[in-house]
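Chains as they are written, first to last, in our numbering: chain A, 1 to 466; chain B, 1 to 434.
If you are wondering where the hints come from, they were derived from the structure by calculation, not from laboratory data. Treat the hints with caution; some may be incorrect.
[What the hints assert, rightly or not] So the derived label-pair ranges between C-beta atoms look like this: (1) Asp449(A) / Arg287(B): 30 to 38 Å; (2) Gly423(B) / Ile230(A): 29 to 37 Å; (3) Val447(A) / Glu225(B): 52 to 60 Å; (4) Ile151(B) / Ala121(A): 20 to 28 Å; (5) Ala227(A) / Ala231(B): 38 to 46 Å; (6) Arg241(B) / Phe455(A): 51 to 59 Å; (7) Val406(A) / Gly62(B): 53 to 61 Å; (8) Gly265(A) / Arg434(B): 39 to 47 Å; (9) Glu85(A) / Gly62(B): 23 to 31 Å; (10) Ala212(B) / Asp449(A): 51 to 59 Å; (11) Gly265(A) / Leu97(B): 31 to 39 Å; (12) Thr109(B) / Val447(A): 25 to 33 Å; (13) Gly423(B) / Gly265(A): 27 to 35 Å.
In this text, a Cβ means the ideal position worked out from N, Cα and C, and glycines have one as well.
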Amino acid sequence: MRHSTTRFGAVSLLLLAASMLSGCGKDKTAAAANAGPFASTYAPLPGKTTVIRNAIVLIGDGARLDGGSVLLKDGKVAAIGTEVEVPADAVVIDAKGRFVTPGIIDVHSHLGVYASPGVNATSDGNEAVSPNTAEVWAEHSIWPQDPQFALASAGGVTSMQILPGSANLFGGRGVTVKNVPSRTMQGMKFPGAKHGLKMACGENPKRVYGDKSGPQTRMGNVAGYRAAWIKAKAYKDKLDKSGKGKGDAPDRDLQLETLVGVLSGDIIVHNHCYRADEMAVMIDVAKEFGYRIGTFHHAVESYKVADLLAKEDICSAMWADWWGFKMEAFDGVRENIALVDAAGACAIVHSDSATGTQRLNQEAAKAMTSGNRAGIKIAPEHAIRWVTANAAKSLGIDKVTGTLEVGKDADVVLWSRDPFSVYAHADQVFVDGALVYDRADRTRQPVSDFMLGLFAKDFGGQEVQP
Amino acid sequence: MSARNSIAALAAFVITLVLVAPASAGSSHAIVHATAHTISKGVIQDATIVIKDGRIVAIGKGLKAPVGAEIIDAKGRPVTPGLFDAFGSLGVVEVELEDATVDSGNGDTRFSAAYAVADAINPATPRIAIMRIEGLTRALVAPAADGGEGIRPVIAGQAATIQLGDGDDIVLDPSAALVVYLGESGKALAGGSRAAALLQLREALEDARDYAANRGAYNEGRRREYARGRADLEALQPVLRGELPVIVRVNRASDIRAALKLGREFNLKLVVFGGAEAWMVAADLKRAGVPVIVDVIQNLPGAFESLGSTLTNAARLQQAGVAVTFATEDAGNPRNIKQLAGIAVANGMDYDSALAGLTAVPARIYGMKGFGTLDVGMDADVVVWSGDPLEVTTYADVVFIRGARVKMESRQTKLRDRYQDLGKQPWPPAYRNR
Numbered sequence: 001m002r003h004s005t006t007r008f009g010a011v012s013l014l015l016l017a018a019s020m021l022s023g024c025g026k027d028k029t030a031a032a033a034n035a036g037p038f039a040s041t042y043a044p045l046p047g048k049t050t051v052i053r054n055a056i057v058l059i060g061d062g063a064r065l066d067g068g069s070v071l072l073k074d075g076k077v078a079a080i081g082t083e084v085e086v087p088a089d090a091v092v093i094d095a096k097g098r099f100v101t102p103g104i105i106d107v108h109s110h111l112g113v114y115a116s117p118g119v120n121a122t123s124d125g126n127e128a129v130s131p132n133t134a135e136v137w138a139e140h141s142i143w144p145q146d147p148q149f150a151l152a153s154a155g156g157v158t159s160m161q162i163l164p165g166s167a168n169l170f171g172g173r174g175v176t177v178k179n180v181p182s183r184t185m186q187g188m189k190f191p192g193a194k195h196g197l198k199m200a201c202g203e204n205p206k207r208v209y210g211d212k213s214g215p216q217t218r219m220g221n222v223a224g225y226r227a228a229w230i231k232a233k234a235y236k237d238k239l240d241k242s243g244k245g246k247g248d249a250p251d252r253d254l255q256l257e258t259l260v261g262v263l264s265g266d267i268i269v270h271n272h273c274y275r276a277d278e279m280a281v282m283i284d285v286a287k288e289f290g291y292r293i294g295t296f297h298h299a300v301e302s303y304k305v306a307d308l309l310a311k312e313d314i315c316s317a318m319w320a321d322w323w324g325f326k327m328e329a330f331d332g333v334r335e336n337i338a339l340v341d342a343a344g345a346c347a348i349v350h351s352d353s354a355t356g357t358q359r360l361n362q363e364a365a366k367a368m369t370s371g372n373r374a375g376i377k378i379a380p381e382h383a384i385r386w387v388t389a390n391a392a393k394s395l396g397i398d399k400v401t402g403t404l405e406v407g408k409d410a411d412v413v414l415w416s417r418d419p420f421s422v423y424a425h426a427d428q429v430f431v432d433g434a435l436v437y438d439r440a441d442r443t444r445q446p447v448s449d450f451m452l453g454l455f456a457k458d459f460g461g462q463e464v465q466p
Numbered sequence: 001m002s003a004r005n006s007i008a009a010l011a012a013f014v015i016t017l018v019l020v021a022p023a024s025a026g027s028s029h030a031i032v033h034a035t036a037h038t039i040s041k042g043v044i045q046d047a048t049i050v051i052k053d054g055r056i057v058a059i060g061k062g063l064k065a066p067v068g069a070e071i072i073d074a075k076g077r078p079v080t081p082g083l084f085d086a087f088g089s090l091g092v093v094e095v096e097l098e099d100a101t102v103d104s105g106n107g108d109t110r111f112s113a114a115y116a117v118a119d120a121i122n123p124a125t126p127r128i129a130i131m132r133i134e135g136l137t138r139a140l141v142a143p144a145a146d147g148g149e150g151i152r153p154v155i156a157g158q159a160a161t162i163q164l165g166d167g168d169d170i171v172l173d174p175s176a177a178l179v180v181y182l183g184e185s186g187k188a189l190a191g192g193s194r195a196a197a198l199l200q201l202r203e204a205l206e207d208a209r210d211y212a213a214n215r216g217a218y219n220e221g222r223r224r225e226y227a228r229g230r231a232d233l234e235a236l237q238p239v240l241r242g243e244l245p246v247i248v249r250v251n252r253a254s255d256i257r258a259a260l261k262l263g264r265e266f267n268l269k270l271v272v273f274g275g276a277e278a279w280m281v282a283a284d285l286k287r288a289g290v291p292v293i294v295d296v297i298q299n300l301p302g303a304f305e306s307l308g309s310t311l312t313n314a315a316r317l318q319q320a321g322v323a324v325t326f327a328t329e330d331a332g333n334p335r336n337i338k339q340l341a342g343i344a345v346a347n348g349m350d351y352d353s354a355l356a357g358l359t360a361v362p363a364r365i366y367g368m369k370g371f372g373t374l375d376v377g378m379d380a381d382v383v384v385w386s387g388d389p390l391e392v393t394t395y396a397d398v399v400f401i402r403g404a405r406v407k408m409e410s411r412q413t414k415l416r417d418r419y420q421d422l423g424k425q426p427w428p429p430a431y432r433n434r
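The following block holds chain A by itself, in its conformation from the complex (with noise of 0.2 Å):
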């Protein structure tokens, strides 16, 4: 790892032993991503100390800070509350009627593997060559030069996870990484986080191999996923036995290296599944098999089972209103992710959209404004968690990111005001205490290459992207 100690500081220690935890201890080939082949090169950008005062802060903890200052030092957040000691070397920012949040992190995003222009040259988000494809890694297929990274930069997204297509029962693993522009996805990869292992329930496998090998029904469906679980536990008990000194290790085999890294915990499984009754189904799949499911993505019907997601600790990745234009999706409501957070169950608001991803606030305020319609009250520093700190559990980051407390990542957006508005934007994008993002600055608006020199003319010197 090419980081230095002395930048990451504690909480990055910490990782880096977490990660040789996992990949040094009794598995060595479900390696964390970290310490695995194509490991994070991510080194924070030049930041400045910064103090961020007189701001509304919404911390991502549940909590409200009016006339909060936060100040960022040495890429953490250093210190938070209403009385900050600010450093001589400080960039103070007042941010009078202004906002602060978190960093916005979506935990589900194809940015990079279905990039802009979005060509034929540039569809890498689906291996729609088996049912099980859990060998392939989204990350092989990101393209760090997509133009819809910056996009996203400028709507607050500080992380997402980029996560292969639904076509497959497994559609491969997914990462995790900090939306800075790098030249390679090693540079952007998130330090210390988890691989992800995107599954699909439902409709998606059915109708790519329902004419082909198969599955062509759910049954089929939950057939596929018991039989590659069946033979990733035989892989794994050769494994250990072997590393216990007892016969040979077997063969690599990158299918099944991926599900061994779910059953030992280094990887966390995002599975794709709409409907409520196949959410029941594919709990009992993991119980069966001894594994965890980290989140249900596009969880449409997450609030008929509420009680259940609470139960078992499984987060809901929502869409604000998206329903309907399947049949998995036509008993979409606009109260899903405030139903299932008044059950106390891990609400998430997430995009599958290159376009929805740059207004996650504000998906996230449709949401707020049904539920508090529907008599669930909801203020906004808890509804922020939503894009936020629930996000970060989803991810298995929420040591690092996700909220705004001191010795975490200074992952940080100052708005213009209340982000809970349309009117709001993003002014001033941190990560890892570095300006990433400045709305009144265009040199600190990154630009990819592929923008450069599109146009033969000028348009009277009017930018497209003003």
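Since chain A is already given, all that's left is putting chain B on it; use the hints.
Relative to chain A, chain B alone:
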């Protein structure tokens, strides 16, 4: 948004006050203490709006409500005309991915301009209630080009306008516009070049013109062969007369210019749909008087024909004097056009123009009389909002469509109510809230 205030102030001078609304009995309604966004005459503070027999019969500051009217106290909140989705598929798309429920496209290549989507519209679709309780009261239902193989018509057919109230007949105008695919979408239909798409359209128009002048000879089989059949040639006549608007799906600046050129040649009443790079040719659009239907959030350089996409498209067009209206083209969520308008304002569009873009502008484009402003004599499509209608934290509180108060209930509210008290009731949800 100081423009709003100044217009409100101006309105106070301009509006001729009727001191007492005409007395009327029966099923009349009066919305009192409204901040009325009339669209036509600015904002009236403390307005009373009287609704009777399906129409607005009075509107003015501090009017007394007629005796016997149902009173709705807006408590100072905004009241606007109903919203108008300028390009969608309500009533012809139920579940997008289930072909059996989708009637927007016509796979019979013998017909193009003659194909009228109005005949497929289902007035009982649950989507209508889901949308109207959000303040959407009118919509354009557009045909889609055939998604099949081979060379297909670039003319998708005729779009219809509908109202979202009750009744078996929700179609207002079965032929409100013709929809044509140009640019990348047209090229896919026409055999691989955007020039071929234009050529196909030009040929159809020329044939239709020739046909109109030689109907007798055509019917006797004495005229040259036309590329399109009789039904299409007839359907194109109102287009050639400049009566029927032609919505061109087009994004690249050069494609828009090409469409404008063809429009001048045949005297077409053009409307641009999409128009990702419309801001680059705003002056041309203004000169030609061509409005643009914008999907505001499409700021991705998502195709080579939309590399110039930007969130400021609507604002730049409006500032250049081009009429702008909104559509998501998403079968599920035309209710989100209010958010689109809000995002347009957040990125520089004038507030009042955005509000007009949701109401009066599409009514004008499609020639819909009696809709789009709060004026005496207009259809009573009226919405009381919980706050600024363009905000993401507001909702429609009371909705009237053609004078009838909408029951604020839909399939979605029923599902919500059924699952509010999970686990607290001994019987399964199937037994409640039907």
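Hints, verified against the model:
no. : hint                              : in the structure
1   : Asp449(A) / Arg287(B): 30 to 38 Å : holds, 36 Å
2   : Gly423(B) / Ile230(A): 29 to 37 Å : holds, 34 Å
3   : Val447(A) / Glu225(B): 52 to 60 Å : holds, 54 Å
4   : Ile151(B) / Ala121(A): 20 to 28 Å : holds, 25 Å
5   : Ala227(A) / Ala231(B): 38 to 46 Å : violated, 55 Å
6   : Arg241(B) / Phe455(A): 51 to 59 Å : violated, 38 Å
7   : Val406(A) / Gly62(B): 53 to 61 Å  : holds, 56 Å
8   : Gly265(A) / Arg434(B): 39 to 47 Å : holds, 44 Å
9   : Glu85(A) / Gly62(B): 23 to 31 Å   : violated, 56 Å
10  : Ala212(B) / Asp449(A): 51 to 59 Å : holds, 53 Å
11  : Gly265(A) / Leu97(B): 31 to 39 Å  : holds, 36 Å
12  : Thr109(B) / Val447(A): 25 to 33 Å : violated, 44 Å
13  : Gly423(B) / Gly265(A): 27 to 35 Å : holds, 30 Å
Figure legend: structure checked against the earlier numbered hints; hints not met, in rising order: 5, 6, 9 and 12.
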